[in-house]
Amino acid sequence: MKPINADAVQSCLERLKGKELFLHLETTSGAYAAHHAGKPFVAGAFIRNGLIRYQHGKIKGSGPYRVGLKMDLGWVYAEGLTHFVIDQRGRLLLAGYDDSGNLTVALQLSEEPFDH
Amino acid sequence: MFLLTVYDQDYREEWPYLTGRELQEERHVVVLFPHPDDESFVAAGTIALLNQYGIPVTYICATLGEMGRRMGHPVLANRETLPELRKQELERACAILGISDLRLLGLRDKTLEFEDEEWLISQIGDLLSEIHPSLVITFYPGHAIHPDHDALAYAAVEAVARMPEEIRPTVYCRAISPQRFEALGKPDVVIDISTVADKKIAAMKAHQSQTKEMMKELEQKIAAEEPEAMRWVQREEFWTYTF
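These protein sequence lines are chains E and C, in that order. At position 1 of the first sequence (counting the first as 1) the number is 1 in our numbering, and the numbers step up by one without a gap. At position 82 of the second sequence (counting the first as 1) the number is 82 in our numbering, and the numbers step up by one without a gap.
Since the hints were made in silico from the structure, they are not lab data. For each residue, glycine too, the CB sits at the ideal point set by N, CA and C.
Using 30 Å as the maximum straight-line C-alpha spacing, the simulated DSBU-like pairs for lysine-lysine come out as follows:
hint: 1; chain 1: C; residue 1: K87; chain 2: E; residue 2: K2
hint: 2; chain 1: E; residue 1: K19; chain 2: E; residue 2: K2
hint: 3; chain 1: E; residue 1: K2; chain 2: C; residue 2: K212
hint: 4; chain 1: C; residue 1: K216; chain 2: E; residue 2: K2
hint: 5; chain 1: E; residue 1: K2; chain 2: C; residue 2: K205
hint: 6; chain 1: C; residue 1: K216; chain 2: C; residue 2: K205
hint: 7; chain 1: E; residue 1: K70; chain 2: E; residue 2: K2
hint: 8; chain 1: E; residue 1: K2; chain 2: E; residue 2: K58
hint: 9; chain 1: E; residue 1: K70; chain 2: E; residue 2: K19
hint: 10; chain 1: C; residue 1: K87; chain 2: C; residue 2: K216
hint: 11; chain 1: C; residue 1: K205; chain 2: C; residue 2: K186
hint: 12; chain 1: E; residue 1: K17; chain 2: E; residue 2: K2
Pulled a few chain C residues facing chain E out of the computed Cβ check, cut under 8 Å:
hint: 13; residue: R69
hint: 14; residue: R70
hint: 15; residue: M71
hint: 16; residue: H73
hint: 17; residue: N78
hint: 18; residue: R79
hint: 19; residue: I145
hint: 20; residue: H146
Throw the hints in and build the complete structure from the sequences for me.
Here it is, written out as structure tokens:
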């Protein structure tokens with residue numbers, strides 16, 4: 001993955017607009033976060049292959065970035081995004097990495113289901 | 001992947017037992033962990049010794065660590081390419097340790113505790129009936145920190161508990177919770193792995209997307225003979241599960 005190029009991401013969001021898409025959305029502090037920090041708190045959530053369609057999508061911020069997708073009946077949103085790739089299958093993969101290079105958030109869109 | 005340096009610090013007693021020789025009496029050993037790299041962190045030395053003794057080892061690995069947060073440094077993967085990379089790393093580690101029989105359960109990282117418990121127990125039970133090991137190595141249920149570790153270990157001991165006593169394998173569990181000594185006492189099985197330390201280091205390094213940074217640090221500490229680091233390459237400790 002490369003540091004986010006907001007223009008490239010925005011034009012990909014335009015291309016996927018109005019289509020039926022599979023969503024992978026994830027945030028995580030890591031299963032060992034509480035263990036290492038000594039505090040009893042780990043937070044995270046993920047949805048894989050949620051089916052969505054958005055009216056319009058925007059990338060905002062100056063890094064880390066935020067992405068919001070307005071759907072007919074609601075929103076998809078992620079913040080803390082730092083890296084991206086549009087892979088060979090045309091999928092938009094966005095991720096946020098912390099200072100140690102650990103993934104903290106992912107927002108991915110694909111016209112075909114994600115594997116597994 | 002977990003780091004033991006923090007929570008090993010309160011355990012500084014002399015090594016209680018060295019039972020490496022007893023390993024030679026095993027017939028077939030099944031190692032059962034949820035994530036590629038758990039086998040190297042927990043039991044690489046023991047596996048390498050078993051291989052030296054000519055005892056076959058089957059590794060049942062439940063997931064491909066798809067939800068791992070580390071992607072390598074510099075970045076080697078993304079969320080979608082990570083499973084394939086971790087599979088390759090796992091195969092490399094298996095080759096180093098002499099594991100020729102690798103069974104992938106194909107489950108998804110971080111979901112094991114949500115699987116149907118009976119289904120998971122029967123999957124493992126079927127494999128154990130087929131492989132018929134004399135020893136199973138896994139985590140200690142309830143003392144393994146990561147929900148996947150605990151869920152798989154629970155299913156493993158439950159599957160073994162349901163086997164007829166006369167064919168039931170011994171189960172060695174690795175406990176890593178901070179309260180493990182208080183709850184379980186000292187480990188009753190401590191394997192001296194110092195003769196195969198190089199294999200353990202190499203296996204841990206094979207999981208490079210997860211371990212590259214920490215291995216640099218660990219190797220420096222080993223060179224300086226820091227006690228906590230030396231434990232990694234000198235001993236592996238387990239608690240025999242009581243049914």
